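Since the structure of chain A is already known, use the hints to place chain B on it.
Protein chains: 2
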Amino acid sequence: MARLSLNQATIKRASVVETVDGCARHGIEAVGLWREPVADQGLARSAKIVRDAGLRVSSLCRGGFLTALDNRAALDDNRRAIEEAAALGTDTLVMVVGGVAGDKDLIGARQRVADAIAELSVEAKAAGVVLALEPMHPVFCADRGVLSTLAQALDIAEKHESVGVVVDALHVWWDPDLDAQIARAGSSIASYQVCDWLTPVPADVLLGRGYPGDGDIDLDRLTRHVAATGYSGDIEVEIFNADIWAADFDEVIGEVSRRYHSIVEPAL
Amino acid sequence: MARLSLNQATIKRASVVETVDGCARHGIEAVGLWREPVADQGLARSAKIVRDAGLRVSSLCRGGFLTALDNRAALDDNRRAIEEAAALGTDTLVMVVGGVAGDKDLIGARQRVADAIAELSVEAKAAGVVLALEPMHPVFCADRGVLSTLAQALDIAEKHESVGVVVDALHVWWDPDLDAQIARAGSSIASYQVCDWLTPVPADVLLGRGYPGDGDIDLDRLTRHVAATGYSGDIEVEIFNADIWAADFDEVIGEVSRRYHSIVEPAL
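For the record, the sequence lines run as chains A and B. 221 is the number that this note's numbering gives to position 221 of the first sequence; each next residue is one higher, with no gaps. 1112 is the number that this note's numbering gives to position 112 of the second sequence; each next residue is one higher, with no gaps.
For reference, chain A alone in the conformation it holds in the complex:
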């Protein structure tokens, strides 16, 4: 099994059908999908396109944003996301949990995430979907993800049957406790995502991702640690980068494949 998965956000302008066609042309067997382009293509239609192409869906991005003081609308949206994941045939829903609310109460926001995940995990289990909590780089703590470390995500995941974690190289590489937490995660790792950290950080910090090998992360070392847990799932290349988004899809997919095979695969 070829474990490279193309996360659709790497070719952000592409539709589901263009993404799937690109994977097929480059011999990539799995794809990570996002809800917005799936909705644009239609959920049932997207599921059929992927199925007909014989691709695995490695994950659906994304549920989450559960830190508001009133979470009811967010909970409903997450229930829909769980259903969408199941309809697409993936068991992994990536959860970006949300940032600090206007009250600046970070501890409260983190508690609301834990409470919401407890509630949603029951429905995830019923649907055969794992909620994959994504610890996010602390640069996103204010506006995207109050789970800042793998340890925090595991503290929640370990309490529930259908909750796991995402190890995204960009988000976790700096963590002084990373090796120990990856070992602790073990079979809780629901998704492993790779890209690289670019220095200097570009004007939009969200887009500070590069091809594996172009930045400061020791991906060989990280991949060896993830592999040592027994993780045998797909490995998504997920890159948010304005230049890569502007480039030709085939050129990007080709480069993704080359970097994966030269930098990530040898460490498995």
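Read the hints as simulated data drawn from the structure, not as lab findings. Computed from a predicted model, the values in this text were never measured in an experiment. No residue lacks a Cβ here, since even glycine has one placed at the ideal position from N, Cα and C. A few of these clues could be false.
Chain A residues, not near chain B, derived (Cβ > 10 Å throughout) [unchecked claim]:
| no. | residue |
| --- | --- |
| 1 | S15 |
| 2 | H26 |
| 3 | W34 |
| 4 | F65 |
| 5 | A74 |
| 6 | G89 |
| 7 | D91 |
| 8 | D115 |
| 9 | A183 |
| 10 | A227 |
| 11 | T229 |
| 12 | S232 |
In the SDA-like style, the derived pairs of lysine to any residue whose C-alpha atoms are separated by at most 20 Å in a straight line are [what the hints assert, rightly or not]:
| no. | chain 1 | residue 1 | chain 2 | residue 2 |
| --- | --- | --- | --- | --- |
| 13 | B | K1104 | A | D216 |
| 14 | A | K12 | A | L198 |
| 15 | A | K104 | B | D1214 |
| 16 | B | K1104 | A | E265 |
| 17 | A | K104 | B | P1200 |
| 18 | B | K1012 | B | P1202 |
| 19 | B | K1104 | A | H225 |
| 20 | B | K1104 | A | D218 |
| 21 | A | K12 | A | D250 |
| 22 | A | K48 | A | W34 |
| 23 | B | K1104 | A | R224 |
| 24 | A | K104 | B | L1198 |
| 25 | A | K48 | A | D91 |
| 26 | A | K104 | B | I1263 |
| 27 | B | K1104 | A | L198 |
| 28 | A | K104 | B | E1265 |
| 29 | A | K104 | B | D1177 |
| 30 | A | K104 | B | T1199 |
| 31 | A | K104 | B | D1220 |
| 32 | A | K104 | B | G1213 |
| 33 | B | K1104 | A | R221 |
| 34 | A | K104 | B | R1221 |
| 35 | B | K1104 | A | A267 |
| 36 | A | K12 | A | S257 |
| 37 | A | K104 | B | R1224 |
Here is chain B on its own, set in the frame of chain A:
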């Protein structure tokens, strides 16, 4: 004793004499100096200007950058920084330890920092200066500071007599283990610096600092935890912000003073 200290970087264009005059006009009793403007004014002259104005020097920024594979030049520069701190009459040298080297070996870089601090601590002690290790927000891990958490800085500081830590709100506010590590730090806190985290992060991430109260950090809570350790030193307002740097010095110092008195001081 009024504990507000104006960190000189908040009015970056100002010379030492302009900074000191501004503090005097606004009744601020302490100042945090930087080596470059001190060198521009002359070390002995800067020391005299501060002394004649009756100001305390709360800290000197900055030593550090100790992660290169060959640290000899950096060690020499840090020895000079220790002497400069002593000459300026401050016992606190802020240490920004440096980023990852080209070999991407983060663990090795962190070890080199620990080794260099062990060596420099002897000279710091002889000079009556504390090396104040500044854990830096992980967004700066690649290029400025591989100490990413207060826990890491304390792991080093606790091994040496003349080594402490800086608690800079911007760098530590996101840390899930913050309360426990501040309590652990106790008398190792050599400097407490405040500003706020702005969202969205501006084009230059280094300049993503705002006046206390303008961002996402619960400074009341953080200040209470720092105060609970018994920390009784100066509290520096240190803001890197392009708009604030472009503004009139007196306007900025006035706003710094108002924010300190309304947001930070009540929590002491």
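For this structure, which hints from the list above don't hold up? none
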